[in-house]
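J.: Each chain, letter by letter, is given below.
Number of protein chains: 2
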Amino acid sequence: MNPRVLEIETSLIRKVAAKRREGTIDLGLGEPSLRPNPDHFAYAMRYIEAHGIRYTANAGDLLLREAIARHYDYPGMTDATNVCVTTGSQEAMYVTIKTLLDPATDELLIVEPTFPSYAKMARLEGIAARGVTMSEGDDFAFDAERVVAGIGERTRAIVICSPNNPTGRVLHAGEAEKLVSALEARSGEPIWLIHDEIYREQTFVEDEAFLAERYPHTIVTNSVSKSNALTGLRLGWIIGPESFVENAIKTHAWLTSCTDTFAQQVALHIFGELGGINEHVSWYRAQWAGVVEALETSRMHYIRPEGSFYACVRLPQGVKSYDAAMQLIEERNVLAIPGVAFGDAFEGWLRLSWVAPLDQVREGIKRIAAYVKEYV
Amino acid sequence: MNPRVLEIETSLIRKVAAKRREGTIDLGLGEPSLRPNPDHFAYAMRYIEAHGIRYTANAGDLLLREAIARHYDYPGMTDATNVCVTTGSQEAMYVTIKTLLDPATDELLIVEPTFPSYAKMARLEGIAARGVTMSEGDDFAFDAERVVAGIGERTRAIVICSPNNPTGRVLHAGEAEKLVSALEARSGEPIWLIHDEIYREQTFVEDEAFLAERYPHTIVTNSVSKSNALTGLRLGWIIGPESFVENAIKTHAWLTSCTDTFAQQVALHIFGELGGINEHVSWYRAQWAGVVEALETSRMHYIRPEGSFYACVRLPQGVKSYDAAMQLIEERNVLAIPGVAFGDAFEGWLRLSWVAPLDQVREGIKRIAAYVKEYV
Chain A
-6 MNPRVLEIET SLIRKVAAKR REGTIDLGLG EPSLRPNPDH FAYAMRYIEA
44 HGIRYTANAG DLLLREAIAR HYDYPGMTDA TNVCVTTGSQ EAMYVTIKTL
94 LDPATDELLI VEPTFPSYAK MARLEGIAAR GVTMSEGDDF AFDAERVVAG
144 IGERTRAIVI CSPNNPTGRV LHAGEAEKLV SALEARSGEP IWLIHDEIYR
194 EQTFVEDEAF LAERYPHTIV TNSVSKSNAL TGLRLGWIIG PESFVENAIK
244 THAWLTSCTD TFAQQVALHI FGELGGINEH VSWYRAQWAG VVEALETSRM
294 HYIRPEGSFY ACVRLPQGVK SYDAAMQLIE ERNVLAIPGV AFGDAFEGWL
344 RLSWVAPLDQ VREGIKRIAA YVKEYV
Chain B
-6 MNPRVLEIET SLIRKVAAKR REGTIDLGLG EPSLRPNPDH FAYAMRYIEA
44 HGIRYTANAG DLLLREAIAR HYDYPGMTDA TNVCVTTGSQ EAMYVTIKTL
94 LDPATDELLI VEPTFPSYAK MARLEGIAAR GVTMSEGDDF AFDAERVVAG
144 IGERTRAIVI CSPNNPTGRV LHAGEAEKLV SALEARSGEP IWLIHDEIYR
194 EQTFVEDEAF LAERYPHTIV TNSVSKSNAL TGLRLGWIIG PESFVENAIK
244 THAWLTSCTD TFAQQVALHI FGELGGINEH VSWYRAQWAG VVEALETSRM
294 HYIRPEGSFY ACVRLPQGVK SYDAAMQLIE ERNVLAIPGV AFGDAFEGWL
344 RLSWVAPLDQ VREGIKRIAA YVKEYV
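In order, the protein sequences belong to chains A and B. Under the numbering used here, the first residue of the first sequence is numbered -6, with each subsequent residue one higher. Under the numbering used here, the first residue of the second sequence is numbered -6, with each subsequent residue one higher.
In case anyone wonders, no lab produced these hints; they're calculated from the structure. Remember, it's a predicted structure, so these values are computed and weren't measured experimentally. Be aware that one or more of the hints could be misleading.
Partial chain B-side listing against chain A, Cβ under 10 Å, derived [to be verified]: (1) Gly81; (2) Leu228; (3) Val259; (4) Glu367.
Note that the Cβ used here is the ideal one computed from N, Cα and C, for glycine as well.
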């Protein structure tokens, strides 16, 4: 068998989540607890009734590709040819990494802490990957100088998840400008930016940066999973310059042929509706306000969430995050994700999601605060 | 960019199919023209209304995995742990090849003529692939001796598509027995068999062989695409020994995370219904009888279809299949796929699909016969 497959380990997140039981307060969830809007499904069903469910083109339904390109309206990326529809943002990122980087020569730079899948995808492809860690003293804020200092000779692409999982930090306009200026000042082949925008509709600051608006060598991955409570639909996309997208389509065609036609019709209805992609924004804003208040009251050290649906709290000095998460689920029946699941740089932190009903989130935060207090 | 992606060429099949126009008799189609059974969709909609559409486990919904394992009932592969649900059989085959073979040492042997995607997937993964061609003099019947003679020192897996695309040949029990005996008589690490069963429900002989019933080191890929006219649903699966499937699930998890929950519910309804996977079998049998009669009447040299929904006809000596396909679509408005799209060994042949309404298939065969006659 392929040795790169054999070496993949079971996810730490799943090990902790497996302890979930009756009555657990679940702050481990990585998906919305909201229900999706049934109108989108009704629209897709009418389509299937009228047309059956045939293959679309490899790159996706032309109308959907056009709708996505028009909605985001990134400079130089406004046509159907700038979009490839994928099986969720997971395949979007996988196809992007596999297409963009030559395993023989190139390196992927990953801005950390972040979701572990980028590094694991690269490893499965035999592509060199290296992390550049934001400063813990600055609550892991995106710092362009650090990112630029992390660029090595072989770096050909930099992946940034903003709003970030797990930190909840957002790339601000000022830092994005510094990063882009530094990249544009370089000579030789341009370095690509890969912007994972999966939490775009959960942003709680005003000056968030969209790299594709600022830098032509940007590739964006996203999906309707988080924005519309459609994680199980597996409908994502890649947006980028046509020269890249036409190659990404080839990779995608061999991996999965094309994306589910039903799911594409659901997405077409979302992008056809004015504000469809934003339909859950007000719910998230209300949750966010409640969570920030509960965290403030808890007197724990936490990272003020600027985006995504996570909040991170600092454990007492010397407490291992995996041990803490295990004690919390076993002794206090509250599920939180240990920071170490996002790499050593995030050891000592817990990631709490706040998509459960607000009273449960509040109760969970209380129990964690009580746990932390016992150490102080 | 990844040089292995850059070298992928546009599919010949798509080049010819792009010439389709108003009134074309389309014998190029690779998907059923039947409509799917709406009951399956109604069931999935009820599920979504009750539960939303959350992620399933990476390997798929447990009930669906159990239902698939039970339905096929392959020895040693009867549990959920023997099944991984995928984004169509395309991802099933991709994950299988990527998981099973070590690019550094292993070679994939492909029984040809066959669909070009196996070789292209291997090339994209940097895995050595070699074809072993069945005998044209024997109308490309599966021949175990030829397959065994094709095994090289580095061969670790053999892929067989039966019923076959494009030839319509089926692997018979006698040949399967010979192949399995030869593999079992070998010393050292076993060679794996990968059986692409995508046309399983379009079989028109009585002694077709299912390799997983005969040989423990078999991996099966399949989907509901062809059996239930659900090509656009992208719902497939891998069945195999647990030791392989647990690794395949890891590859699948990083590629696409999990398969569409809605599509999995559609499939659960199909496998829950008695005979659900066979619901279109009688339609295919009727089509098959009509096609065989039309081919017999045409007096062309054709391969009697034993399975799949293709029939292949021999072009006059010296006529290139790509030129013939282009002339047929341009001058006679009938679309057929040139044999060369399936490799040099199938040059001089045309593949006709027969999923269009029978009167159109008959008219298309007539036009092709008239074209062929002009050369004689």
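J.: Tell me, in ascending order, the numbers of any earlier hints that this structure violates.
T.: Hint 4 contradicted; others consistent.
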